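Visitor: If you want the building blocks of each chain, they are given just below.
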Amino acid sequence: MTEFLQLDLAPMLAATLACLACGLLGNLLLLTRQSLLGDAISHAVLPGIVAGFWVSGTRAAAPMVAGAMAAAVGATLLIALVRSRARLEPGAAMGVVFSGFFALGLVLIEVSGAHAVDLDVDCVLYGQLEALIWPAATGPGSLLDPVALAEFPAEAKTLALVLLLILGLLALLWKELRLAAFDPDFARSIGFAPRALSLLVLVMVSVACVAAFWAVGSILVIAALVAPAAIARLLTDAYARQFLLSGAAALAMGAGGYWAAALAPRVLGLDHGLNAAGMMAVTAGLLLVGACLLGRRGPAGRAQRRVAIPVRAPAAAE
Amino acid sequence: MSAEPHPLPVPALSVQHLSVAYHEQPVLWDVSWASPPAGLVAIVGPNGAGKSTLLKAVFDLVPRLSGEVRIFGRPLAEARRRVGYLPQRASVDWDFPATALQVAAMGRYPCAGWFRPLPRAERERARAALAEVDMADLAARQIGQLSGGQQQRVFLARALALEADLYLMDEPFAGVDAATERAIVEVLQRLTREGRTVIAVHHDLATAPQYFAHVLLLNVRAIAAGPMAITFTPENLARTYGGRLSLLEQAVAAAQGGRAGL
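If you're matching them up, the sequences are chains A and B in order. One rule links them: number in my numbering = place in the first sequence (from 1) + 19. One rule links them: number in my numbering = place in the second sequence (from 1) + 10.
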């Protein structure tokens with residue numbers, strides 16, 4: 020038990036919180052068909068994180084969040100610029116900009132000497148869950164002991180704070196975010212600033228990306244952003260249930276993936292652990308396959324719904 | 011209705027020297043027009059004439075090169091609660107996870123305000139708006155499972171829920187079944203009986219004189235505007251539709267009151 024508290028609780032919690040934070044925001048990206056933008060942001064923040072780390076010399080959250088925000092905003096503006104100047108389709112503009120930013124981040128890691136401390140390419144790709152240990156834990160009593168809790172890894176605490184912030188915003192702006200996601204033109208016509216709302220979502224996505232970065236790695240942030248929302252979308256057509264199911268999927272992905280990676284080998288008697296971030300993405304993939312087969316929009320659901328096929332008129336766009 | 015004391019009837023909508031361009035291509039050029047103070051008004055013109063853009067420019071949804079917009083004589087910011095927008099049905103993703111009632115209820119958001127859930131009373135008013143378009147039974151239905159006509163009714167219910175004095179509707183009849191078309195016409199007529207104004211982009215030249223009392227003929231510039239009977243003439247339609255022969259023939263046939271050519 021003490022070993023679980025010392026070695027597994029913090030990384031498992033961090034992984035789950037990261038998946039929840041990204042997964043809930045992922046709904047707003049998926050429903051506005053912007054999942055690729057989440058991908059772009061999760062990669063584009065890397066040079067900002069490295070620069071923040073380089074300038075401040077610590078893994079303190081504030082400078083890295085500031086750097087990440089600057090990089091995210093810079094990338095978003097650059098994508099808009101490439102789209103309007105080069106008249107490229109949005110996907111191409113995003114692809115060029117975010118891979119460029121990500122590459123710049125990798126180069127910055129090499130030249131800044133950050134990798135000598137504890138920021139290297141492996142950590143960027145896979146996260147650093149195993150570094151989140153809680154040696155102060157001496158038993159279940161430590162969970163209520165303020166002195167021991169003060170030693171609890173800061174990354175997990177930051178993630179908990181970010182998740183609370185996201186939950187708070189979702190609660191406060193529940194109907195506004197739904198309106199802006201469904202019909203931004205109508206939202207604007209009645210004075211509900213949809214551009215400010217979508218900017219807020221993008222800012223929150225970059226905050227979640229930075230916070231989740233240490234847990235699951237930059238590449239797997241995209242799995243956490245896209246997979247839970249996609250799984251939920253296959254299972255429901257109701258807005259509130261979409262968020263609840265994506266939360267459940269994120270929970271299963273984070274905790275289940277970590278369990279499969281760290282605890283399962285011990286149970287099965289393997290002498291080595293599996294990569295936690297990798298197992299989380301695999302878990303999400305399996306859930307997605309399951310949702311595909313069982314969901315309302317999968318083969319089973321489609322047979323039931325064949326009765327009511329919506330009639331679509333050709334779009335009269337002007 | 012918030013009636014304002016005015017010596018002369020103020021146009022419900024007026025635009026002055028309005029110009030809009032996409033990628034350096036003018037879509038609207040120096041359009042000046044004042045709608046009648048009340049009644050049903052059609053905006054008619056060929057594809058790409060800027061009809062939808064005119065409505066969007068009123069709500070600042072597209073950047074203007076120049077021009078002013080007045081709603082009951084006031085700028086948009088002061089008159090927002092008096093004007094309602096019905097966007098083209100094809101402009102949103104109907105696969106979005108929402109019910110008919112949730113969409114109609116968006117028309118009550120201005121009354122509910124920011125940062126709080128929609129009060130029950132407002133939701134009931136949205137339900138009443140759905141009932142006005144015969145959609146009460148389908149309030150809980152997912153919008154993706156509705157037919158095109160039913161989706162258009164949901165959009166109309168959301169507009170009605172705004173309780174505006176002026177409605178700008180972008181192709182309210184596009185792709186709807188005959189029953190829905192009749193239902194929408196009835197709603198529009200009821201709105202004008204209540205003294206409200208409806209300005210609608212309308213594609214069907216045959217039904218335009220039947221449904222609408224006034225018309226604005228638009229093709230990048232304002233070609234002609236006024237009461238349907240004296241404005242919707244073959245000459246004006248020819249000027250609006252230019253050299254597009256097949257359309258022109260339709261237009262002339264329509265103007266002569268026959269549906270034969272269609």
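Fair warning: there could be bad hints in the mix.
Among the chain B residues that face chain A by a calculated CB cut under 8 Å, a handful are [said to hold, decoys possible]: (1) L71; (2) L75; (3) P97; (4) M116; (5) P129; (6) F183; (7) T217; (8) P219; (9) Q220; (10) Y221; (11) A223.
It is worth saying that the hints were derived from the structure and are not from the lab. Computed from a predicted structure; not experimentally measured. Idealized CB from N, CA, C, for every residue including glycine.
Visitor: Now tell me if each hint is right for this structure.
Guide: Taking the hints in turn, this is what the structure says about them:
no.: 1; hint: L71; verdict: 5 Å, holds
no.: 2; hint: L75; verdict: 17 Å, violated
no.: 3; hint: P97; verdict: 5 Å, holds
no.: 4; hint: M116; verdict: 5 Å, holds
no.: 5; hint: P129; verdict: 11 Å, violated
no.: 6; hint: F183; verdict: 10 Å, violated
no.: 7; hint: T217; verdict: 15 Å, violated
no.: 8; hint: P219; verdict: 21 Å, violated
no.: 9; hint: Q220; verdict: 20 Å, violated
no.: 10; hint: Y221; verdict: 17 Å, violated
no.: 11; hint: A223; verdict: 24 Å, violated
Consistency note: the structure conflicts with the earlier hints numbered 2, 5, 6, 7, 8, 9, 10, 11.
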